[in-house]
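Heads up: the protein sequence lines correspond to chains G and Z, in order.
All the letters of the first sequence, read from the start, carry residue numbers 1 to 311 under the numbering used here.
All the letters of the second sequence, read from the start, carry residue numbers 312 to 622 under the numbering used here.
By construction, these hints were calculated from the structure, which means they are not laboratory data.
Wrong hints could be hidden among the right ones.
[Stated by the list, open to error] 20 Å max Cα-Cα, derived EDC-like pairs, lysine to aspartate or glutamate:
hint, chain 1, residue 1, chain 2, residue 2
1, Z, Lys-587, G, Asp-211
2, Z, Lys-591, Z, Glu-543
3, Z, Lys-461, G, Glu-232
4, Z, Lys-591, G, Glu-168
5, G, Lys-16, G, Glu-37
6, Z, Lys-390, G, Glu-31
7, G, Lys-280, Z, Glu-543
8, G, Lys-84, Z, Glu-543
9, Z, Lys-369, Z, Glu-408
10, Z, Lys-365, Z, Glu-339
11, G, Lys-54, G, Glu-37
12, Z, Lys-395, G, Glu-255
13, G, Lys-79, Z, Glu-566
14, Z, Lys-587, G, Asp-64
15, G, Lys-29, G, Glu-235
16, Z, Lys-591, G, Glu-28
17, G, Lys-62, G, Glu-41
18, Z, Lys-461, G, Glu-255
19, G, Lys-280, Z, Glu-482
20, G, Lys-150, Z, Glu-479
21, Z, Lys-340, Z, Glu-360
22, G, Lys-276, Z, Glu-479
23, G, Lys-42, G, Glu-97
24, G, Lys-36, G, Glu-57
25, G, Lys-3, G, Glu-28
26, Z, Lys-390, G, Glu-255
27, Z, Lys-516, Z, Glu-479
28, Z, Lys-591, G, Glu-49
29, G, Lys-150, Z, Glu-360
30, G, Lys-58, G, Glu-31
31, Z, Lys-390, Z, Asp-375
32, G, Lys-280, Z, Glu-479
33, G, Lys-276, Z, Glu-459
34, G, Lys-79, G, Glu-97
35, G, Lys-79, Z, Glu-459
36, Z, Lys-576, Z, Glu-524
Number of protein chains: 2
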Amino acid sequence: MSKYVFAVDLGGTTVKMGLFDVDGNVLEKWEIVTRKENGGEKILPDIAESILAKMQEKSIAKDDVLGIGIGVPGPVDSKGTIYKAANLGWGVFNVSETLGKLTSLPVKTGNDANVAALGEMWKGGGQGYNSIVAVTLGTGVGGGVIIEGKLVAGSTGAGGEIGHIHVEDNETISCGCGNCGCLEQYTSATGITRLANERLAQDNKPSVLRDGEVSAKTVFDAVKAGDELAIEVAEIFGMYLGKGLAAVGAVVNPEAFVIGGGVSKAGEVLFDYIEKNYMKYSFHGTRNVKFRLATLGNDAGIYGAAKLIVG
Amino acid sequence: MSKYVFAVDLGGTTVKMGLFDVDGNVLEKWEIVTRKENGGEKILPDIAESILAKMQEKSIAKDDVLGIGIGVPGPVDSKGTIYKAANLGWGVFNVSETLGKLTSLPVKTGNDANVAALGEMWKGGGQGYNSIVAVTLGTGVGGGVIIEGKLVAGSTGAGGEIGHIHVEDNETISCGCGNCGCLEQYTSATGITRLANERLAQDNKPSVLRDGEVSAKTVFDAVKAGDELAIEVAEIFGMYLGKGLAAVGAVVNPEAFVIGGGVSKAGEVLFDYIEKNYMKYSFHGTRNVKFRLATLGNDAGIYGAAKLIVG
């Protein structure tokens, strides 16, 4: 008898869903809309309904479903309690219990960035390792820490919040979190754009970045084309990320860092700037570490959610 | 039939040993000398001989010994491999296997600071928590990260090396590790003494610290007596330690920090300087954390070594 796992990656706009077998093969993927009205009260019932409908459509019995794994955009502890998800309008409650009651299926819940990290370790850029730190360089900077195969959720769900490691004492502009000098302020897509704009304003040094929109993508495209000013920006980016990841290394000494998120589309050129700075700032005992690119893109979340159940 | 555990805390001068029951009660404690000649080849045979002699003395049968836990002064991975211990003259080998063959008993090995952290969680300042970071402020700064009851040894045994988190960009003096600006350079006993001497040299501000030996102890004694200059030094100490622990918090989000080592003898006054800076530099989601003093002193190592076996 074949067994199934349902995987859910809950985002602020859409809910990505997947039906998996226990070996991690996706049998089907689909999406539903995230209905955020009334404090997000419809979200979990909508997910439950969609899963139950899929089971009926495919004639899957409850006994053949190992469970539902779900990644949610907020801090979640190892027991499934979410500590507010402002994006969804959610307060503090146990997601696993609530979705469990709605479906009569076992549910495991994790933070979305943490769950994506688990996906990358299982089927993506972190394959072959079992202690990794996944680093998501997107609009913000997120992370997921996995030690010997297990997610470090954190006692109040804030494990892997590496975007908020303090890396610059002289910053005067606030991060979204309210602090000044967070890693995210320099190494997210937004942060790279800001670093580039600040560098462009410093003087009149020629650069292809002066001829159009400045973004993390155009910066690293320019780096690859040998643009000197863009390379200066990449050096600053690498200095901050190397310094931040060195701190992470001193805490958990992972086998590999797996770099994902929109910025990672730039590819291995990123490592030219990250690795040498990691080596500079890191403790020597933590330097035997690999840098890898994430490979699952937007599907990391459902793979990781499935892995929460498969274990 | 009662069951026993042997616990070993291997230091550069002496080996502390303990005979425990499985509930963590010390039945007997003793020490032997650490013989470091010839690359430390005598150390494990000496330990084995001492344990076997104790078993004979007490008429303890092999079947009644659950195993031997040992903390060693160097990086150890979760399988018991040590990656050099310069202090002992040791290279790379599996400590658990070697001591296991010498005694025909099961052996588990950990880094000494990590093992001491486990001891503090089990029977010391970290009791009641199961995700803690122990911080040892001694000649250097060490640490031990425990997540849901399990030590984070690190992929090459360097988990918890938090003394080497980079916290100061403008440092020109090297840390013992070769980097500049490590947490240890400001918050170890040595670091505090240096901060105080630097402050004293700055001007002629009166201070009781001008009348005798400057040490971490005299600095915090002066802080308690209201000495303004000593308080300035404590503020710098607290700023660096708060900043470093905030980075640790963003990675693993522990329930508690347990502060030990010689500097911690100053007592709770330390928290006046650490906590407010932790709150300043930390991500808001990691601020619900307790600060506690270690309570086991030099015995933390044997308690933790016993806990390695009791599990």
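Quick rundown of the hints versus the structure:
A hinted pair counts as satisfied when its Cα atoms are at most 20 Å apart, and Lys-587 (chain Z) with Asp-211 (chain G) does not qualify at roughly 47 Å. Between Lys-591 (chain Z) and Glu-543 (chain Z) the CA atoms are separated by roughly 18 Å; this keeps the pair inside 20 Å, and the hint holds. About 42 Å separates the Cα atoms of Lys-461 (chain Z) and Glu-232 (chain G), which puts this hinted pair outside 20 Å; it is violated. Taken as a hint, the Lys-591 (chain Z) and Glu-168 (chain G) pair is honoured in the structure, with Cα atoms around 13 Å apart against an allowance of 20 Å.
Between Lys-16 (chain G) and Glu-37 (chain G), the direct Cα distance comes to roughly 19 Å. Compliance with the 20 Å bound is thereby established for this hinted pair. Proximity of Lys-390 (chain Z) to Glu-31 (chain G) is assessed by CA-CA distance (about 43 Å); at most 20 Å being required, the pair is judged violated. For the given pair, Lys-280 (chain G) sits about 31 Å from Glu-543 (chain Z) by alpha-carbon distance, which is inconsistent with the 20 Å threshold. Restraint check for Lys-84 (chain G) and Glu-543 (chain Z): not satisfied, since their Cα atoms lie roughly 39 Å apart, outside the 20 Å limit.
About 25 Å separates the Cα atoms of Lys-369 (chain Z) and Glu-408 (chain Z), which puts this hinted pair outside 20 Å; it is violated. Distance hint between Lys-365 (chain Z) and Glu-339 (chain Z) is fulfilled; the C-alpha atoms sit about 10 Å from each other, no more than 20 Å. Between Lys-54 (chain G) and Glu-37 (chain G), the direct Cα distance comes to roughly 24 Å. Violation of the 20 Å bound is thereby established for this hinted pair. A distance of roughly 18 Å separates the Cα atoms of Lys-395 (chain Z) and Glu-255 (chain G); the hinted pair therefore holds under the 20 Å criterion.
Restraint check: the Cα-Cα separation between Lys-79 (chain G) and Glu-566 (chain Z) comes to about 15 Å, which is no more than 20 Å; the hinted pair holds. Pair hint Lys-587 (chain Z) plus Asp-64 (chain G) does not hold up; C-alpha atoms about 52 Å apart against a cutoff of 20 Å. Among the hinted pairs, Lys-29 (chain G) with Glu-235 (chain G) is inconsistent with the structure: their alpha-carbon atoms are about 39 Å apart, more than 20 Å. Using a Cα cut-off of 20 Å, the hinted pair Lys-591 (chain Z) and Glu-28 (chain G) is violated, with the two alpha carbons roughly 46 Å apart.
Proximity of Lys-62 (chain G) to Glu-41 (chain G) is assessed by CA-CA distance (about 25 Å); at most 20 Å being required, the pair is judged violated. Restraint check for Lys-461 (chain Z) and Glu-255 (chain G): the C-alpha separation of about 18 Å stays at or below 20 Å, so the hint holds. Among the hinted pairs, Lys-280 (chain G) with Glu-482 (chain Z) is consistent with the structure: their alpha-carbon atoms are about 14 Å apart, no more than 20 Å. About 32 Å separates the Cα atoms of Lys-150 (chain G) and Glu-479 (chain Z), which puts this hinted pair outside 20 Å; it is violated.
Distance restraint check for Lys-340 (chain Z) and Glu-360 (chain Z): the Cα-Cα separation of roughly 16 Å lies within the 20 Å cut-off, and the hinted pair is therefore satisfied. With a C-alpha separation of about 19 Å, the suggested pair Lys-276 (chain G) and Glu-479 (chain Z) falls inside the 20 Å cut-off, and the hint holds. Among the hinted pairs, Lys-42 (chain G) with Glu-97 (chain G) is consistent with the structure: their alpha-carbon atoms are about 16 Å apart, no more than 20 Å. The straight-line distance between the Cα atoms of Lys-36 (chain G) and Glu-57 (chain G) is roughly 27 Å, outside the 20 Å bound, and the hint therefore fails.
For a cut-off of 20 Å, the pair hint linking Lys-3 (chain G) to Glu-28 (chain G) stands: about 14 Å separates their Cα positions. Only pairs whose Cα atoms come within 20 Å are accepted, and Lys-390 (chain Z) paired with Glu-255 (chain G) is accepted, the gap being roughly 15 Å. Under the criterion of a C-alpha separation no larger than 20 Å, the hint pairing Lys-516 (chain Z) with Glu-479 (chain Z) is inconsistent with the structure, at around 25 Å. Distance hint between Lys-591 (chain Z) and Glu-49 (chain G) is unfulfilled; the C-alpha atoms sit about 44 Å from each other, more than 20 Å.
Annotation: proposed proximity of Lys-150 (chain G) to Glu-360 (chain Z) is violated, straight-line Cα distance about 38 Å (limit 20 Å). Under the criterion of a C-alpha separation no larger than 20 Å, the hint pairing Lys-58 (chain G) with Glu-31 (chain G) is consistent with the structure, at around 17 Å. At most 20 Å may separate the alpha-carbon atoms for a hinted pair to count; Lys-390 (chain Z) and Asp-375 (chain Z) exceed this at roughly 24 Å. Restraint check for Lys-280 (chain G) and Glu-479 (chain Z): the C-alpha separation of about 13 Å stays at or below 20 Å, so the hint holds.
Proximity of Lys-276 (chain G) to Glu-459 (chain Z) is assessed by CA-CA distance (about 33 Å); at most 20 Å being required, the pair is judged violated. Distance hint between Lys-79 (chain G) and Glu-97 (chain G) is fulfilled; the C-alpha atoms sit about 9 Å from each other, no more than 20 Å. Proximity of Lys-79 (chain G) to Glu-459 (chain Z) is assessed by CA-CA distance (about 12 Å); at most 20 Å being required, the pair is judged to hold. The straight-line distance between the Cα atoms of Lys-576 (chain Z) and Glu-524 (chain Z) is roughly 17 Å, inside the 20 Å bound, and the hint therefore holds.
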